[in-house]
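Trainee: Protein chains in written order, with my numbering: chain A, 59 to 198; chain B, 59 to 198.
Since the hints were derived computationally from the structure, they do not count as laboratory data. Since we're looking at a predicted model, the values are computed, not measured. You may find that some hints are simply not true.
A pair holds if it fits inside one copy or across any two, identical chains being indistinguishable in the list.
[As the list claims (entries may be wrong)] In silico DSS-like cross-links for lysine-lysine, where the CA-CA straight-line distance does not exceed 25 Å:
#, residue 1, residue 2
1, K64, K186
2, K165, K141
3, K64, K165
4, K64, K184
5, K141, K184
6, K165, K186
7, K184, K161
There are 2 protein chains.
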Amino acid sequence: MPDNVKFADLDVGATIPAFSKGPITRTQLALFAGASGDHNPIHLDDEEARAGGLPGVIVHGMLMMAVLGQMLTAWVPQSRIRKFSNRFASMAVPGDTINCAGKVVGKRQENGENLVDLEIKAENQKGKILLSGAATVAVD
Amino acid sequence: MPDNVKFADLDVGATIPAFSKGPITRTQLALFAGASGDHNPIHLDDEEARAGGLPGVIVHGMLMMAVLGQMLTAWVPQSRIRKFSNRFASMAVPGDTINCAGKVVGKRQENGENLVDLEIKAENQKGKILLSGAATVAVD
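Isolated chain A (complex conformation) (with noise of 0.2 Å):
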């Protein structure tokens, strides 16, 4: 990822380039359980997931801020990133487009570091928001 981000170049109220990844399929919920080694049928089995009243299978949330936090490394490398906090708003399933977006609210110096807070946000293909939350990067 290129290292090129300038805190002059950032004024409060810009947005950041937008990241969208999906459809997300059950291959990708797949492989994460493997990755993570968080097998939690409900990601895995419709059948498990209706026995646990949900609609099938839903989308690890983990997942979903693995996919937002890559809005962040394709625009940082990930070395720059000092924090990253998120609430959970609704679940995702397979099928979903993740569509993610950040705009700056605030810089500050801090421990020598020039720091650029973030709102961002992850939204499903429909609008609806998924993710809220905030992150923090350090840039030259």
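Put chain B on the given structure of chain A with help from the hints.
Mentor: Then chain B, alone, in the frame of chain A:
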């Protein structure tokens, strides 16, 4: 995951069940790349990682967060997690084990829900902090 955590049973200072995963393998990083669509070579290719100034491939920060999040979903259902927030402290590399812990730091009621605020952290096998964060869960 059993949905039997009770608000009345949780006191400030109480620890939640610890959770550990590892050692993290390169296979997990490859699976995570497939699941998330994050094919950044710094997680997959030592030469590319070194060209980027790293000692070798590093674990996706979002995979570390996924492991820390599993501490929560092994304790309460995913649908009960309201907020999950982390500061990135250090990078992890293949071979590292991710040890997670959490404790209750607050209890409150909001919008008719019983909310429990937690302080959470992930460390590697040497006790080096990888993530320090906070989470809020809603319990009966």
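Trainee: If a hint holds in the structure, say so; if it doesn't, say that too.
Mentor: To see whether the hints hold, each was checked on the structure:
no.: 1; hint: K64 with K186; in the structure: neither (32 Å within a copy, 30 Å between copies)
no.: 2; hint: K165 with K141; in the structure: both (14 Å within a copy, 23 Å between copies)
no.: 3; hint: K64 with K165; in the structure: within (12 Å within a copy, 40 Å between copies)
no.: 4; hint: K64 with K184; in the structure: neither (33 Å within a copy, 35 Å between copies)
no.: 5; hint: K141 with K184; in the structure: between (28 Å within a copy, 23 Å between copies)
no.: 6; hint: K165 with K186; in the structure: neither (29 Å within a copy, 29 Å between copies)
no.: 7; hint: K184 with K161; in the structure: within (21 Å within a copy, 37 Å between copies)
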